[in-house]
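Taken in order, these protein sequences are the chains called A and B.
Letter 489 of the first sequence, counting from 1, is numbered 485 in this note's numbering, and no numbers are missing.
Letter 313 of the second sequence, counting from 1, is numbered 309 in this note's numbering, and no numbers are missing.
I should point out that these hints are in silico values taken from the structure, not numbers from a laboratory.
Hints may contain errors.
The list cannot tell twin chains apart, which means a pair is met if one copy fits it or any two copies do.
Straight-line C-alpha distance at most 16 Å; calculated EDC-like pairs for lysine to aspartate or glutamate [as the list claims (entries may be wrong)]:
| hint | residue 1 | residue 2 |
| --- | --- | --- |
| 1 | LYS306 | ASP438 |
| 2 | LYS494 | ASP520 |
| 3 | LYS325 | ASP439 |
| 4 | LYS306 | ASP439 |
| 5 | LYS306 | GLU337 |
| 6 | LYS306 | ASP452 |
| 7 | LYS547 | GLU350 |
| 8 | LYS113 | GLU2 |
There are 2 protein chains.
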Amino acid sequence: MASWQELAASHRNKRDAAIPREWVLPQDRLSQLSGAGTDGEGRLILLESIRRSGLLTDEEFAITEHHNATSLLRKISGNVLSSEAVTVAFCKRAALAQQLTSCLTEVFFQEAIDRAKWLDQYLQDNKTVVGPLHGLPISLKASDSFQVKGHHATLGYTASVSRQPSVENSALVQLLLDAGAVLYCKTNIPQTLMTADSENNIFGRTLNPHKTSLTAGGSSGGEGALVASRGSPLGVGTDIAGSIRIPSLCCGTYGFKPTSSRVPYGNQVPAPFTKMRFPGGITPCAGPLANSMEDLDLFMSTVIGKRPWKYDPTALDIDWRKIDFGHTKKLTVGVLAEDPEYPLMPPVKRALDEAVALLVQAGHNIVFLPADEASSPGLGGRLAGQFYGLAPSGYESKEEVTGEPKVKSVALGVHPYGKAGFPVDPELDLAHRVDSLAIARDDFARAWQHHWCDRDLDVVVAPGCNTTAVPYDTYGVPVYTMMWNLLDYPAGIIPFGKSSKAVDPNPRQAEGQFEADYNPDAWDGAPCAIQIIAPRFRDEECLAAMRIIDKDLNKS
Amino acid sequence: MASWQELAASHRNKRDAAIPREWVLPQDRLSQLSGAGTDGEGRLILLESIRRSGLLTDEEFAITEHHNATSLLRKISGNVLSSEAVTVAFCKRAALAQQLTSCLTEVFFQEAIDRAKWLDQYLQDNKTVVGPLHGLPISLKASDSFQVKGHHATLGYTASVSRQPSVENSALVQLLLDAGAVLYCKTNIPQTLMTADSENNIFGRTLNPHKTSLTAGGSSGGEGALVASRGSPLGVGTDIAGSIRIPSLCCGTYGFKPTSSRVPYGNQVPAPFTKMRFPGGITPCAGPLANSMEDLDLFMSTVIGKRPWKYDPTALDIDWRKIDFGHTKKLTVGVLAEDPEYPLMPPVKRALDEAVALLVQAGHNIVFLPADEASSPGLGGRLAGQFYGLAPSGYESKEEVTGEPKVKSVALGVHPYGKAGFPVDPELDLAHRVDSLAIARDDFARAWQHHWCDRDLDVVVAPGCNTTAVPYDTYGVPVYTMMWNLLDYPAGIIPFGKSSKAVDPNPRQAEGQFEADYNPDAWDGAPCAIQIIAPRFRDEECLAAMRIIDKDLNKS
Chain A
-3 MASWQELAAS HRNKRDAAIP REWVLPQDRL SQLSGAGTDG EGRLILLESI RRSGLLTDEE
57 FAITEHHNAT SLLRKISGNV LSSEAVTVAF CKRAALAQQL TSCLTEVFFQ EAIDRAKWLD
117 QYLQDNKTVV GPLHGLPISL KASDSFQVKG HHATLGYTAS VSRQPSVENS ALVQLLLDAG
177 AVLYCKTNIP QTLMTADSEN NIFGRTLNPH KTSLTAGGSS GGEGALVASR GSPLGVGTDI
237 AGSIRIPSLC CGTYGFKPTS SRVPYGNQVP APFTKMRFPG GITPCAGPLA NSMEDLDLFM
297 STVIGKRPWK YDPTALDIDW RKIDFGHTKK LTVGVLAEDP EYPLMPPVKR ALDEAVALLV
357 QAGHNIVFLP ADEASSPGLG GRLAGQFYGL APSGYESKEE VTGEPKVKSV ALGVHPYGKA
417 GFPVDPELDL AHRVDSLAIA RDDFARAWQH HWCDRDLDVV VAPGCNTTAV PYDTYGVPVY
477 TMMWNLLDYP AGIIPFGKSS KAVDPNPRQA EGQFEADYNP DAWDGAPCAI QIIAPRFRDE
537 ECLAAMRIID KDLNKS
Chain B
-3 MASWQELAAS HRNKRDAAIP REWVLPQDRL SQLSGAGTDG EGRLILLESI RRSGLLTDEE
57 FAITEHHNAT SLLRKISGNV LSSEAVTVAF CKRAALAQQL TSCLTEVFFQ EAIDRAKWLD
117 QYLQDNKTVV GPLHGLPISL KASDSFQVKG HHATLGYTAS VSRQPSVENS ALVQLLLDAG
177 AVLYCKTNIP QTLMTADSEN NIFGRTLNPH KTSLTAGGSS GGEGALVASR GSPLGVGTDI
237 AGSIRIPSLC CGTYGFKPTS SRVPYGNQVP APFTKMRFPG GITPCAGPLA NSMEDLDLFM
297 STVIGKRPWK YDPTALDIDW RKIDFGHTKK LTVGVLAEDP EYPLMPPVKR ALDEAVALLV
357 QAGHNIVFLP ADEASSPGLG GRLAGQFYGL APSGYESKEE VTGEPKVKSV ALGVHPYGKA
417 GFPVDPELDL AHRVDSLAIA RDDFARAWQH HWCDRDLDVV VAPGCNTTAV PYDTYGVPVY
477 TMMWNLLDYP AGIIPFGKSS KAVDPNPRQA EGQFEADYNP DAWDGAPCAI QIIAPRFRDE
537 ECLAAMRIID KDLNKS
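Can you make the complete structure from the sequences, with help from the hints?
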């Protein structure tokens, strides 16, 4: 049997070989593009590194830079652009993003281009599209929920490289293909899937395209970096603790974690790689990352419009409701209270305050929610952490298969879910622990239902984290995202502003311990974001409110 | 501390004392009304025992006999009938049903009549109703999910009698009150809630009003007997294995088990009485028993129209969809294959065959589903049985509190869920057992999803059980209902025909072992029924199809 180093190297080489040679730049050119040695080093987006590479034609640049997924679909179905041209453009841009940020794991560009040609021919022959996603390239996280026939689902473990490629498509993959999508790559993740640093021993670390010295987030970090680099018009991630929303807020993209099981998650890689799902615990879910609100809507309405239950019996058979609040609707927006245990860092606090000020200015009704322990992010995070711990065997044990070492973020254990004390006695036998956790979750849900109903809220606005993207391996416990997984509330990320050492030169004079020390220099240029949340099954209302808020904040 | 006998007697006496003396008949008069010593002995409905009692005025008889809940609501809101008149009529009829079938546990007629007067005054003063159930009497099963402030939730255990009465209303109870309902009684259940004989040491055994020598079914047996006696226009039961559908089919009423958590089930009596619910296991659900399809619709649309999540954070916040197939829609109806391990008894087989023949005649598309093990009632029942066994402590242990004995159906263990062999190794530790059961359930769900999608079914028609109501303590394992709890599919019962020794004098010459021996004499006169099923969350389609089928079968 090969060593883990050999397995990793051979798989990495396979990926690299799938990128056409003419799209590969020499290392010194890449350094130059990323601004090595200059003040702006690693600020790939600010430096327009991809445009400056000169590799994209003007049309390819326009396709990738000046459209969103929705407008590309219109152009393809209207015969203004071919799927082939769009697919080649995104493959090329993804190849560049890969070289600059190390965001890809599986690369199947040629297969994608062949399919795009077939779809173009189909449209020409039949004068109709295959489905609502006809010809659109879509990227997929390299997680266990996205098997693509003929390709690996590595999950960031060298042990998985020696497994055979997938023999069938996952439910969502098949649904996307039936809708006409073109799949062309998978994207990087952390070893264990449970850190906010997308690093593993096969593919290395994904870098943040806004500033390569910062984490791209995780676990859908490859998607975050790829979508932010506009190497994908629409990416699919998964989220059990924040894994869609963390890379979104780190990389400055839009992201949406739906209510679980509305988007199909079934037909995963077989056990032992599926053990994170404990029945009755916290259900992971799939959802989109994109560069516009319109494209989050596109993904959700299209996927659910295909009736996912037909693909996956574990998906909920609940129709998508067409909700349009219009542009004049005034929302009642609750503002989540800061948890003193997880104080907001200066740029995060400023972004939230500015967002609230703009919402007031736009005429929305703002309600500041009380800071009570019963509904606090800290309690939500601790309960979620204990739920994750119910799984019969964790990912941790799988390193042993090949003897590969833990990557730093895993070894550090930066996710000490129970650090503030377990809300439920961890010594209880499993049955009683499950029962007590379920009761505690119901209590937490009741506290939030009261917040909602007593104030007749439309949505809650909250930080997505108490930090922005941070230097490698220092991302804290993501309680501000985890709490909504515990509640199974839909929650989305809207990018809003930037961290700036000029505007926020100093730490806040907040009480209590800081989870991470604020470093104005290190964080300068990192995207800021807000999180918008609605009650369980109110995904439609959540997105409709996000569109209004996005307009008011980003004038988009 | 009082003995269990003392506790039971005092509570029974309290119930009896709540029935006005002028509504109580002497024992010999009751025997006479139930036909004691005649050929028709115990056939209360056939003998019109309640009408013959002479206790009801003509108006009270008309109110209870010739209306359904929907038409009563129209008359009350239209000032044609007062809520007081309707409430008094049903209290009186319920008092008679209690004396004839022993169906009640808690009686609060006076409170109900006072509330009805208040509602009448409200309507007079405000020219508008309190809500969509304004003035309608509704009966509730005496289960843990229905706490009514000031009254006991006994659960059929003498130990619970020494507990204090409920201090708050359950979520559904509060919702019904907010909608304008009048609550006036609770109804009998089995000790343990897990047999089909509604007998316990406090209230004794509920008798079947069609034939008192047969079980009324369980666990909502009191509701079945009361609704069939027309002592309630609308009853609420609960169902984790068939507990709404079994009494419905035994007593000849309509009944509906919705997808779980659409009707609120929260705010139950505190542990240790809630241990049947294992997170991620099979979720019990509340639903209606009534004398018409229209009233099942009324209950579901009204309850979900009140947005149950506002009352109960564990309720799913999914709107009720108005579905009306109209009268001309031709359905595609799958016919469940008989499980040879649970062969259909002659009247059950005949009712199903006749129903299918009428559906064909009405122009519907009938598809006979294959008999495969992967989707069989037997496998569904065995898996469900193992899920029930996950609960950390069963009801069984609670007898020990007062030393009361097990009633016969519990002692017999007529529900040997695992008798055909456990589908999942019962020696596995809990975590792996839960995991394996979840996977097995997903496989079962996949088999059913294929049945559905491959044939584009609207609904499935099936027996509700392989028997009708049977003599006391002989009801078999209810796999034909349990399988839909495992899948969490909505399923309803439509009464259709009767067991008849004249038509079916002999057992079928079926292969294999018979769960219960067919006894043409004992079963003669028992109601027959069919069960209609739709996929999870398709409650609206299930009821809409049931209305069409009911019209075609019962010309109602």
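Which numbered hints fail: 3, 5 and 8
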